[in-house]
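**Student:** Protein chains in written order, with my numbering: chain A, 1 to 295; chain B, 1 to 335.
One should not assume that every hint holds.
So the derived label-pair ranges between C-beta atoms look like this [unchecked claim]:
1) W278/B <-> T18/A: 45 to 55 Å
2) L90/A <-> P276/B: 24 to 34 Å
3) S247/A <-> S192/B: 26 to 36 Å
4) V279/B <-> R127/A: 44 to 54 Å
5) G101/A <-> V279/B: 42 to 52 Å
6) A22/A <-> R331/B: 23 to 33 Å
7) Q172/A <-> L28/B: 55 to 65 Å
It should be emphasised that the hints constitute simulated quantities derived from the structure, not laboratory data.
We put the beta carbon where it would ideally sit given N, CA and C, even for glycine.
Okay, here's what each chain looks like letter by letter:
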Amino acid sequence: MSAAILEVENLVKQYPGTTAVAGVSFSVPEGVCFGLLGPNGAGKTTTIEIMEGILPPTAGEVRYRGEPLGARFREDAGILFQRTALQDFLTVRQSIALFRGLYAHGLEVDELVRLCALEKLARRDARKLSGGQQQRLLLAIALVNDPAVLFLDEPTTGLDPQARRNFWELVQSIKARRKTIILTTHYMEEAELLCDEIAIMDRGHIIAQGPPRRLLHEHFAEVLLELPRQEFPPAARELPLNIIDASDRVEISTHDLEATLRTLLEARVPLGHLRIRPGNLEDLFLELTGKELRP
Amino acid sequence: MMRRLLSVLHARNLEFLRDRGTLVFTLLLPVMLVIGMGFVFGGPERGLFKVGLLGDASDPLAHPFLSERYVEFIGLPQQGEALRKLTHQQIDLLLELRPPERYWVNTDSPKGYIVEKLLLAAEPAASREPVTGAAVRYVDWLFPGILGMNMMFSCLFGVGYVVLRYRKSGFLKRLHATPLSAFEFLSAQVLSRLTLILFITGVLYAGIGAVIGFHSAGSVLLLAPVAVAGALSMIALGLTIAARFSSEEVVGGLLNVLTWPMMLLSGIWFSLEGSPRWVQWVAHLFPLTHVLDSARAVMLDGAGLAQIAPHLLYLTATALAFLAFGAWSFRWRID
């Protein structure tokens with residue numbers, strides 16, 4: 001594994017009456033896409049903002065290439081916030097040029113426009129872009145300094161499926177350039193597709209960390225059986241199985257597929273529409289963080 | 001229909017009542033204005049004539065003219081300044097109280113003619129020194145005031161609200177994540193607004209000046225440092241207000257609290273000569289007062305750099321102080 005480009009040590013962030021981050025430590029190897037996952041209020045945005053150097057921690061430290069965050073980090077980091085407004089009355093090209101002017105080194109504006117597929121929008125008022133176009137522009141701005149480390153804080157929230165997939169392709173092309181990416185997201189599909197390593201946060205703590213496949217193997221070795229809810233007899237709910245209600249279906253997670261199937265057949269549960277699938281990152285996420293709605 | 005209307009009305013009223021900033025300023029500002037205007041323009045009735053006095057009357061009873069009704073007496077320590085006012089008909093007569101008793105009167109002034117009759121009736125032995133000079137037209141006197149007022153609004157609101165909008169929208173937070181420092185950001189805002197103000201003020205000076213037929217008595221070039229120092233001071237004041245707050249109501253209220261007293265006390269519309277001393281002292285805290293005093297000195301009296309230097313120094317010092325405080329208290333993001 002490459003050396004750590006970012007090291008987070010015992011990070012704590014307290015606000016009056018609440019602790020948003022409660023002693024988090026991890027390191028990010030150079031060249032990987034590192035995902036920070038967690039339910040609302042888990043502390044991921046606070047953690048990432050401290051890592052970005054825009055929010056001071058109550059305690060703990062973040063080091064970039066072994067040094068505390070400083071001028072070198074600001075020159076080397078690219079950031080895409082959850083919500084960012086740009087200066088009014090500027091075109092796409094002018095918005096990129098504004099941020100390009102803030103860095104000593106970086107990519108040419110034309111190259112950024114091309115990289116983020118903004119050629120046809122370059123002269124358009126930046127306020128008149130769709131959600132997906134706006135995110136591509138913000139990604140171009142995050143890349144103006146050809147960053148060694150790129151922070152993407154929930155970059156596809158609110159985008160339609162096409163725009164989301166288009167954005168993923170852009171991120172993969174950036175990954176191919178051996179950039180380190182720190183990604184927070186609510187979309188497990190996104191994390192599974194893009195991240196080489198993830199950390200799952202809950203209530204200010206990291207509760208699991210590692211490559212997605214390894215985490216699944218370690219924490220969620222079960223398979224899932226899915227049955228339509230209307231075909232699942234009420235009496236079968238009394239069976240000694242791990243039964244989970246989903247919206248239109250019933251899920252049963254198990255380590256022993258053969259024994260579970262035998263139990264269902266003996267209880268005369270119709271299995272005509274049975275689907276069997278391995279656990280995914282979302283299942284793992286729900287397993288670790290629970291299913292109750294967060295305030 | 002009434003139910004829907006009442007529903008929206010109730011929600012809007014709750015919003016207004018819970019928005020403490022707006023509520024406080026909506027109630028407070030008119031009260032402050034009434035109190036302020038009462039202090040400034042209250043007190044005894046002003047006289048029909050203005051007479052300047054050089055020196056102190058050791059024995060007021062020896063000067064029966066000083067007990068004349070409807071005459072406002074204004075102490076003027078500098079003879080040169082007093083004569084300038086008389087020449088411009090800003091006072092109607094100038095009387096020296098020290099012996100030998102003498103007076104100056106502007107022979108072009110109708111009010112000077114009347115007040116001279118009153119003086120001679122009371123003190124027939126006073127010797128006469130005639131001067132001449134046309135009254136400064138009100139429009140000429142008002143012209144620097146209008147330019148200064150435009151400058152004040154543009155500097156304070158133009159900068160204050162822009163920085164506030166940047167902070168609320170998250171644009172400042174995004175800039176904070178770059179190598180840009182607070183000093184660089186604030187300097188860029190100052191220079192941008194300064195350039196705009198100088199251009200607009202230059203265009204207005206040329207345009208309005210041509211329309212009203214105004215000719216500056218002093219060097220027009222001297223107005224440049226006045227405009228630069230004045231705009232810098234007021235832009236920096238706007239930045240100081242917007243440096244920290246994230247609420248339009250608070251920033252708007254504070255800007256109003258600053259602009260209204262400046263509108264009334266800095267001499268945009270009328271001279272504060274003859275108003276209480278403390279009012280004049282307060283007025284001289286405002287940058288706009290120094291801008292207008294120095295601009296009028298150049299434009300109407302032909303003053304040179306040495307005469308306006310104290311104003312320029314004050315404006316430069318306040319600009320630096322406001323900028324330093326603004327940079328120190330600046331916040332990139334909403335706390």
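**Student:** For every hint, state whether the structure bears it out.
**Tutor:** These are the hints, each one checked on the structure:
The supplied range of 45 to 55 Å is met by W278/B and T18/A, whose beta-carbon atoms lie about 50 Å from each other. Our hint of 24 to 34 Å for L90/A and P276/B is violated, since their Cβ atoms are close to 51 Å apart. Checked against the hint of 26 to 36 Å, the C-beta distance between S247/A and S192/B comes to roughly 54 Å, which is inconsistent with it. Between V279/B and R127/A the CB atoms are about 47 Å apart, so this pair conforms to the stated range of 44 to 54 Å.
Under the hint 42 to 52 Å, the C-beta atoms of G101/A and V279/B, about 48 Å apart, fit the expected range. At roughly 26 Å, the beta carbons of A22/A and R331/B sit within the given window of 23 to 33 Å. Taking 55 to 65 Å as the suggested C-beta distance range, the pair Q172/A and L28/B conforms, at roughly 57 Å.
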